[in-house]
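With chain A held as given, fit chain B onto it using these hints.
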Amino acid sequence: MNKSDLIECLSNEMNLPFHLAEFVIDEFFDAISEALIQDEGVQIRGFGSFTIRKYGAYTGRNPKTGEKIDVSPKKLPFFRPGKELRERVMSKK
Amino acid sequence: MTLTKADLVRRIYKSKKLDKLESAQAIERLLEIMKQRLEAGENVLISGFGKFSVRDKRSRRGRNPHTGEDLILAPRRVVTFRPSGVLRKKING
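Protein chains in written order, with the working numbering: chain A, 1 to 93; chain B, 1 to 93.
Don't read these hints as lab results, they were simulated from the structure. Don't take each hint at face value.
What the hints assert, rightly or not - Derived DSBU-like pairs: lysine-lysine, alpha-carbon spacing no greater than 30 Å straight-line:
id	chain 1	residue 1	chain 2	residue 2
1	B	16	A	3
2	B	51	A	64
3	A	64	B	16
4	A	83	B	57
5	B	20	A	3
6	A	3	A	64
7	A	75	B	20
8	B	90	A	64
9	A	54	B	90
10	A	74	A	54
As the list claims (entries may be wrong) - Simulated restraints on C-beta separations:
id	chain 1	residue 1	chain 2	residue 2	range
11	A	8	B	85	20 to 28 Å
12	A	12	B	69	44 to 52 Å
13	A	66	B	69	21 to 29 Å
14	B	57	A	17	40 to 48 Å
15	B	64	A	45	37 to 45 Å
16	A	17	B	58	26 to 34 Å
17	A	30	B	53	17 to 25 Å
18	A	61	B	40	36 to 44 Å
19	A	15	B	62	41 to 49 Å
20	B	90	A	8	22 to 30 Å
21	A	46	B	42	47 to 55 Å
22	A	58	B	90	18 to 26 Å
As the list claims (entries may be wrong) - Now the stretches of chain A that chain B is said to cover, found in silico as 3 or more residues with beta-carbon under 8 Å:
id	region
23	12-18
24	34-43
25	67-76
Don't be surprised by glycine CBs; every beta carbon is placed ideally from N, CA and C.
Pulled out of the complex, with its shape left as it was, chain A reads as follows (with noise of 0.2 Å):
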């Protein structure tokens, strides 16, 4: 599903106007995405948490030539799904 199935899908369950469900989806993924950047956590009870991982530089190598790469530090967002998303999910195995 991506994000265009995701706005119909909560215009038509909440019958809401499509311009309004489409508000809704994308203030939440900017929300999300802004509290990374100022490097704050995220906790959605029930599907899940953000947090920033930061990593330090390190001297990698390119797999296929074998040269040295300088790699720079870098952050990344880290997923961890909640109680509910991980049981919900794990039942169906």
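Frame of chain A, contents of chain B only:
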């Protein structure tokens, strides 16, 4: 500071496009739709944000880190998140 569901709801109703109750319902519904899709084994792709995928993990031999005992971990199904390039750039920008 951690962003929570209450902050997301507040952000929606502060826009005055939806009232407080509608905002809360829309956020709950949005989360429920994503959970249902993931539960059904579908991926959820949000352009500019990232992709939530469902992955099957095979059973594997593990160890209880506390007692050192060997044990077999049952096959699992888990949700993973891969941030989009756009989000990664913004976070490191």
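Checked hints:
A threshold of 30 Å between alpha carbons decides the hint, and for residue 16 of chain B with residue 3 of chain A the separation of about 23 Å falls inside it, so the pair holds. Restraint check: the Cα-Cα separation between residue 51 of chain B and residue 64 of chain A comes to about 27 Å, which is no more than 30 Å; the hinted pair holds. The suggested pairing of residue 64 of chain A with residue 16 of chain B is violated, with an alpha-carbon distance near 54 Å, which exceeds 30 Å. A threshold of 30 Å between alpha carbons decides the hint, and for residue 83 of chain A with residue 57 of chain B the separation of about 18 Å falls inside it, so the pair holds.
Among the hinted pairs, residue 20 of chain B with residue 3 of chain A is consistent with the structure: their alpha-carbon atoms are about 24 Å apart, no more than 30 Å. For the given pair, residue 3 of chain A sits about 36 Å from residue 64 of chain A by alpha-carbon distance, which is inconsistent with the 30 Å threshold. Note on residue 75 of chain A and residue 20 of chain B: the hinted pairing is violated, with a Cα-Cα distance of about 35 Å set against a maximum of 30 Å. Of the supplied pair hints, the one linking residue 90 of chain B and residue 64 of chain A holds, its CA atoms being roughly 29 Å apart against a limit of 30 Å.
Distance restraint check for residue 54 of chain A and residue 90 of chain B: the Cα-Cα separation of roughly 14 Å lies within the 30 Å cut-off, and the hinted pair is therefore satisfied. With a CA separation close to 6 Å, the supplied pair residue 74 of chain A and residue 54 of chain A stays within the 30 Å bound. In this structure, residue 8 of chain A and residue 85 of chain B meet the distance hint of 20 to 28 Å, their C-beta atoms being roughly 25 Å apart. Taking 44 to 52 Å as the suggested C-beta distance range, the pair residue 12 of chain A and residue 69 of chain B conforms, at roughly 51 Å.
Between residue 66 of chain A and residue 69 of chain B the beta carbons are some 41 Å apart, a value that contradicts the proposed interval 21 to 29 Å. The beta-carbon spacing between residue 57 of chain B and residue 17 of chain A, approximately 41 Å, falls within the hinted interval of 40 to 48 Å. One distance hint, 37 to 45 Å for the beta-carbon pair residue 64 of chain B and residue 45 of chain A, is violated here, with the actual separation near 29 Å. Taken as a hint, the range 26 to 34 Å is violated for the pair residue 17 of chain A and residue 58 of chain B, whose Cβ atoms sit roughly 45 Å apart.
The given range of 17 to 25 Å is respected by residue 30 of chain A and residue 53 of chain B, whose C-beta atoms sit roughly 22 Å from each other. Taking the beta carbon of each, residue 61 of chain A and residue 40 of chain B are about 40 Å apart, inside 36 to 44 Å as hinted. At about 48 Å, the CB distance of residue 15 of chain A to residue 62 of chain B agrees with the hint of 41 to 49 Å. Range check, residue 90 of chain B to residue 8 of chain A: Cβ separation about 27 Å, and the 22 to 30 Å hint holds.
Between residue 46 of chain A and residue 42 of chain B the Cβ separation comes to about 18 Å, which falls outside the hinted range of 47 to 55 Å. Remark: the range hint 18 to 26 Å for residue 58 of chain A to residue 90 of chain B is upheld by a beta-carbon distance near 23 Å. Residues of the region 12-18 of chain A with a Cβ under 8 Å from some Cβ of chain B number 3, which satisfies the need for three, so the listed coverage holds. With 7 residues having a Cβ less than 8 Å from any Cβ of chain B, the region 34-43 of chain A passes the three-residue criterion, so the hint holds.
With a threshold of 8 Å between beta carbons, the proposed coverage of the region 67-76 of chain A by chain B holds, since 3 of its residues qualify and at least three are required.
Taken one by one, the earlier hints fail for this structure at numbers 3, 6, 7, 13, 15, 16 and 21, listed in ascending order.
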